[in-house]
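Asks: As given, the protein sequences belong to chains A and B, one line each in that order.
Position 635, counted from 1, in the first sequence is what this note's numbering calls 635; the numbers after and before it change by one each time, with no gaps.
One rule links them: number in this note's numbering = place in the second sequence (from 1) + 808.
Source of the hints: derived by calculation from the structure; they are not laboratory data.
Since we're looking at a predicted model, the values are computed, not measured.
For every residue, glycine included, the Cβ atom is placed at its ideal position computed from N, Cα and C.
Treat the hints with care, since some could be wrong.
[What the hints assert, rightly or not] Per the computed footprint, the stretches of chain B lying under chain A, defined by three or more beta-carbons under 8 Å from a beta-carbon of chain A, are:
no.: 1; stretch: 849-861
no.: 2; stretch: 865-876
no.: 3; stretch: 883-890
no.: 4; stretch: 947-961
no.: 5; stretch: 992-1003
no.: 6; stretch: 1018-1031
Residue strings, one per chain:
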Amino acid sequence: MTNNWTDIQNADIVLVMGGNAAEAHPCGFKWVTEAKSERGAKLMVVDPRFTRTAAVSDHYAPIRSGSDIAFLSGVINYLLSNDAIHTEYVRNYTNAAYIVGEGYGFSEGLFTGYEEDRRAYDRSSWEYEIGEDGFAKRDMTLQHPRCVYQLMKAHFAAYTPEMVQRISGTPEDKFLKVAEWVASTANGERSMTIMYALGWTQHSHGAQNIRSAAMIQLLCGNIGVPGGGINALRGHSNVQGITDIGTLTASLPGYLAMPTDAEPTLDSHLAKRAFTPLQENQVSYWQNYNKFYVSFLKGMYGRNATADNQFGYDWLPKLDTTYDALKMFDVMHKGQTTGLLCQGFNPLMSIAYSGKSVAALAKLKFLVSMDPIETDTAYFWQNHGEFNDVDTASIQTEVFMLPVTSFVEEEGSLTNSSRNIQWKWRAADPYFESRRDTDILADLFLRLRKLYDDEGGTAPGPIQAIDWSYADPMAPAAEEILRELNGRALTDLRDAEGKVVRRAGEQLAGFGEMRADGSTDGVQWIYTGVYSPEGNLSQRRDNSDPSGKNVYGSWGFCWPANRRILYNRASADPDGKPWSEEKAYVFWDGQRWGGADVPDFPPTSNPSLRTGPFIMTPEGTSRLFARGFMAEGPFPVHYEPFEAPVLNPMFPAIRGNPAARVFDNDMEIFGDAEEFPIVATTYRLTEHFHYWTKSVRYNAVVQPEFFVEMSHALAEERGISPGQMVSVRSHRGEVKGRAMITKRLQPLQVDGRTLHYVGLPLHFGFVGQARKASPVNSLTPPVGDANAQTPEFKAFLVDVTPLADPVA
Amino acid sequence: MFPPVPNPGTEATDQTFGAGDLMRRSASKVTPPAERQTEVAKLIDVSKCIGCKACQVACLEWNEQVEEIGFNDGRYENPPDLTEHSWTLMRYAEYENPETGNLEWLIRKDGCMHCEDPGCLKACPAPGAIVQYSNGIVDFKQENCIGCGYCIQGCPFNIPRLSKTDRKVYKCTLCVDRVAVGQGPACAKACPTQAIVFGTKAEMTEYAQTRIADLNSRGYDKAGLYDPPGVGGTHVMYVLQHADQPELYSGLANAPKISGLVETWKSGAAKYTGLAAVGIFAAAGFLHYLVNGANRVSAEDEAKARDLVEGDRT
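Excised from the complex, chain B in its bound form (with noise of 0.2 Å):
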């Protein structure tokens, strides 16, 4: 067992980093701290996973966000997808080994992996509204979001979400909050199999391995640690059975890498044009404020909701 981090005293806890230990900041620059924080990690073992969503529940719970109450359409998941509410989701794959016949039901957590180089952050437009810390955790500042949706198109594993209500766009924090007073995610705090286990990369890294050899031992030779190069690695790692093919677990980007528009963009010539874009965009999203005014709930939209929620489905 990777011990767990402990609980917490009652009395109140020094944050061990803050505005002072950013690395990079979007659509801005920043002098990197001169000392970097020691980088963390958060593993999810897929082998000991068993798809109980308490990181979901707890997800929601920390964070306070109120989820909405969907349908079943005939699958596991729920919510179907990842939202702005609910920043992490366990994704259920039904594969048939075409080795030894059986049936394999891979149980991904998906959610944010906090990669290095960190596609969404190249993207964005808006200053400071994502951030890197040094210790490898990048956050959303949701004060500071235009709502563009450039880091979903740079993000290579397609996790933030757009907020329908404020505009904003959200994803997981890895547990920021929680991280900067000495514990450990929610997620990996709920979860009762240690699935999900937290510290330092070099002690993920290295814990990793034993589980490898586990797996290795039980007939899975391409088991490995996923923690992909092309995005400078990533601070959310996964333990997989079958590291040769990330994709059979839900579409786990195999070999991702920021998107060549975002890297081009950072690098110069793009990025007037691009800059020139956003510009017109903003400008024609302004006409059409003047001319429509804000987006508005109408009395037909509520009707219909009420009639998708309510309605009868039978």
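Next up, chain A with everything else stripped away, as it sits in the complex (with noise of 0.2 Å):
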């Protein structure tokens, strides 16, 4: 989230897009129900399923699952052609005014530098043209033909509410309503927050659904802003956490980057990470990436890193290529893994197309499954008929279940989807043998490092130089870990006076004090300042609010550097001055920022500099138009899912999208809309959590079995009725569950012709205490997004019959 939780209270709007919010985040739903009820504030909800957070909406619009970028650049196109946006912070807080170089085009779809052959493009055309001085090129007029401003017109110029409708099947008046009301906010005087999920990341194109979505935002001014923001709610309550910390593939702790196999050296590194301005006086902090690394390395291997080693940088494994879950199942599928470690991970359910996921599992050697519960990944051998039908006897995997302790039964910190890092203290004792996660693998690690000392081996670096001072070595503390991901000084600090600002031994106080000559370490830089010199500040408890607009400051810790509202000197105009009285939060006085929040900005730097708000960026802006960010375009463009009930509507010769990997074999999985003509898409049920609480009673009470839901027409078309127990068959499997027909499913009209659609909630295994369901993932695509690999779980095709009921 770039805003908050609590910031939700100051929302004029609320879009809840690729979502459902009051279904999957109750509890941090209220804040909605708080804004609608104490604000008089907007819920309008687009979903292909009118939702249980669409039952307490103010407007609802229908869409076809998969057309989400159609419908936001329908919004975009609105939002331009009737000049219903924020100018001024369009104009200075956005790239609008930078000039495009000449090479720049897109046409039939596609963006220039397409190389079809390796799916992929070569992005060097997506790029400013950069004057004499070494500064890009900007026209403050927004008028220059080739200027962002200009080049955004043109190319979503084509997303009419017509077209809208025909690719979407969302109702004119639907759509044109929720325009209407995201305009009502591009004015700095009222804002809108958008809350997502796994509705618009879960698809071929899913990172380019929440650039569409921030793109609004920003045409908008709604980034930086009490009430506003690009909002992703996480989907475990330390999901955030686990990024963070960065156990994604290509990630290091705080999103600094793993090195490749192109990069041999550290300097080889860091050169490609300059982060040079490209303004004046623009703060660009990433410069300061250098600085994070080394503390990482420092962090990782204590005295062993040192300067004349690179801090260790050899340690440090290279990639080859990404090894994200998809990929990591196509590897292991082929054979060529030995074992695989499921830490709180059921991949049987949650990994796309379930059968290739049992093939996988059944190739390796052993597998073992850290988990409180027992997993239907660990009992992938067992055969359960029809819901999970294998031939024990072939498979010779060893599987090992070694029971860790639950979240209730260990104390730590947890980070939610705020950033909000909170300590929790342990509830209750831990069952039998169960042990904490990190015992185990301190454990484990211990062993492993004795095997190398005692018979030596290939490649010891990496586990013997890791620096592993903890007090019980077999049982490293929460506490001593979050110091140790805060980071210390190793030596005296001197500021640019020799005046000593930091003593060595002690905690940093923020990641601004961190260096690059290895006096500091911190392994995760973003959460500097949670454990600083004043204690374990995840700890805090203190609900006040003293300047009124729902801050609530002093609860928890906020990375980064405390801050509840990322980019918060946008809320601001050039000068300094709030936008509105309404929507003031962080302002100039004269001397210094500062205002209802830390300032997300240099706290001295004056207005007059026209240092941009987006420091992170080299431009000080923020960016409609990506560059070479983004694998299938610096533009958002409407590519259909893999598998489309119809032909791209602006572009058919295109399928999919034309960046996003498919694995050598798996383009003969996708499955044609001849022989599967219904959409269906899994989602969440609030009676449940993700493949968790099938094994807890209460909530397998309150949601006890797998069901289908459909629309009365297709229940009409297809002879089924209320309850009856229905196939749903992809290319790929099939799934047997109960008809909830229902009128919140409708079908639409889609390019000319009725389609159909179903919903698949995705909780049901066999293994737990509710009914005995076939994973739905047994029917999904192994396809992913092309910039994060996330699988394309929101929109592939079936059909869907009835089935003879048993005889009673």
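Grab the two chains, each in its own frame, and use the hints to assemble them into the complex.
Replies: In structure tokens form, the structure reads like this:
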């Protein structure tokens, strides 16, 4: 989230799209009901299904799953063609004025530089024109034909309300109402928050869905202001923490990059990340990348990391390609993986195309499941009839189940969607022989290191060089780990005048204190400050709100630097004055920046310097034009899902996202619309939490069994009655469930034909207390987003047929 | 936001009401307390409810009820109806509003309304099986219940459920045990959106007006408070978008009142006929018991039940 949960109370318009906040985030959703009841905010929901969020909305618009970019591009076109944008914000705080080089172009659905054999782009033409002064050229009047603003007007002009209706199936009047309400916030006096989740990410063009939304927010001036923002609602209580800590495929902690084969030395890695400013007086904060990187390496390798050995850079693995979950299972399926350690992970349920997952797991020599509960994955070898029809005798994989403590049985911190790091205390004793995950990993690590010590082996460095100086090496404490993430001074740190600002051994108060010379450590720079010299700030539970702006700045600790709203300098105009009294948040008082929140800006930077509020970019502005940072283009384009019911109405020759990765033999496992005419989408139910709570009695009571949601029209067409068993087949598998026939799903008119779709809740499997079902991912295709490789769970093709009920 | 009831401290709290505060007791006379306790009420704001069923789970947990894991029958209601264990249930109604052409999903938390004039209590022939405290809470005392089911007939909202195991009747207690120590009901505590709030009846009535004004501003001209006078008002009230059509909300009673038979019963003549009938049925039941013995679960019943639960349903 750019903003935070409590800030939603400051919104005038709430758009929930690509998510179902009431159902999937019921506790966070209370801030929406508060904004509605206390502020009179309006809630609009755009979703293929009339959800429980829609049930409390002021406006609902249906949309065909997988067509969000067409819808959002329609909104962008509406804003641009009606001049309903926050012009001063757009001119000064976005790259609308930047002039793009002559080599850039877009035609027939493709940008310049496409290489079909690689399914990838040469992105070099997607760049600004650079002037003689070394800075990017701009036209602040926004008139230059190649400035981003003019390119945008041309690019999005095709997305008329008629085109939106044709592609997305959204009736024109319902679309226009959304566009009008969005436009009502493009003035600095009102604001809109956008809340999304996996309904946007789980597409082959997921990252561009979110970019489209971010562009709308920038055009309206809704980023950096109270009640605004683009707010990702994370799916687990600590999944924000998981990405922060670097379990992403190509990330180290704090979103530093994993080195690649092409970066053999630390200098070669850092040289690619110089982040030289593209305008005068810009912060371009990533210029400090080297300080964070070296501090990370010092945190990893301690005294073993020295300037002479590149601070241990050689010990880091170097990627040859990305190893996301889809890739991991593809490699495993090819028989190239020996063992898999599943820590709090049930991939049989959560990875696309579970038929392939089972076959892949069966090729492992060993599988370890570290989990508080028994998972379907740990029982992949067990025959459960139609729900998991495997030949047990033929599977040789050895499976180890290591019971671990659950979140209530251990202390530690969780990081929520708001980036708020909150400590929690142990509330119950662990069951039987269950151990903390960290204890198991410590035990495993120490055994591995001893094997290296005793017997030697290939590449001992990465294991032997690790700094493992915990009080009890077999049981690193959560407090020790949080201190380590925060970092400390290793020698006395002095300022330019030689004054000691931080004594050796003291915790760092902020990442601004980090150095690139090895005199500081800190594994996770963005968390620095959470365990400061003042102590463990994640334990703070002060719910006072002195500014009255719903900030609650002394509750836990928000990364970065305890900021509750990112880019909050943008809540003031270029001269530092609030855009409006109503939305005053962070402003210049003549001497300093101050206000309700920690300013996301150099505290004494005079507005006359025209330093931009988007301090992380070399431009100092946000980017409407993404340059080369997105795999499939600098602007969003409507591409169909890989399994689509229609040809792309705009670019019929293009199937799916042209830059998305498709594995060697996977193109043939996509089904076509002739055999599978119905769109399917998977989703979560409020009664369940992913694949855990099917093992919990009360959750199983209130939602006991898998079902298939469909419209009355589809039920009638297929001869299906309420509660009847139906079969849902895709090109990859079949699931069976009871028909839930509802008015909340309605057929859509898409590209001149009537289109049906079904909704499939994803929680049910063959292990647990709820009724058995085949994993819904036996249906889904193993293709992911072109940038993030998030699987396309939200739009694929199936057919639905009624089954005879058993004789009573 | 209506301020939630604060969390309890760690010290034991004295009970704020008890047997001395009874206003009514089934089939018996009580001397009402000289001073009535402040009336309490639970306000359920249907327009804020997201149908998450946290209230259902909180109710099961607080009251230590073990509910069966059922099936899906093509609806969101689980279990499919109130039961002896599930004293509250989310009901989901799909309504196409003819005025706006929009679909509305009206989600209502069903359960005991704690009527000021409780039909169940008036119908109950068992002394002390149903009591009403002067703060408005209507509670069933299972130790005095004879399982006749008259309360079910007497209830204008179809709430009480007879247990198949112990032949006693169960329903929502308004968390009488929590309220007695200054806490709100478990369902209100668990509700994530404050669709359920708890306080004095006066506070709830006043707070409801702010919610109604908000709904009016969103085009719901007929929004209102459901506090039906036919039962003397209730201590569980709803804020409804369509207060003129409560039946839209999965058949919420429009102008409920106590059945005429129960009223006649209580007023005189029918009482004796009725009591005679009770006597006859009780005697007949006893005879049945003497002849057939107590109800037992046969091996055949067990097998049938197992088939139902585990049988091949494909």
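Asks: It remains to establish, for every hint, whether it holds in the given structure.
Replies: Hints versus structure:
Against chain A, the stretch 849-861 of chain B contributes 7 residues with a C-beta closer than 8 Å to a partner C-beta. That satisfies the three-residue criterion, and the hint holds. With 6 residues having a Cβ less than 8 Å from any Cβ of chain A, the stretch 865-876 of chain B passes the three-residue criterion, so the hint holds. Proximity of the stretch 883-890 of chain B to chain A, defined as three or more residues with a beta carbon under 8 Å from a beta carbon of that chain, is established by the 4 residues found. Counting residues of the stretch 947-961 of chain B whose beta carbon lies closer than 8 Å to any beta carbon of chain A gives 0, which falls short of the minimum of three for the stated coverage.
With 4 residues having a Cβ less than 8 Å from any Cβ of chain A, the stretch 992-1003 of chain B passes the three-residue criterion, so the hint holds. Coverage of a stretch by a chain is defined here by at least three residues with a beta carbon nearer than 8 Å to that chain's beta carbons; for the stretch 1018-1031 of chain B and chain A the count is 5, and the condition holds.
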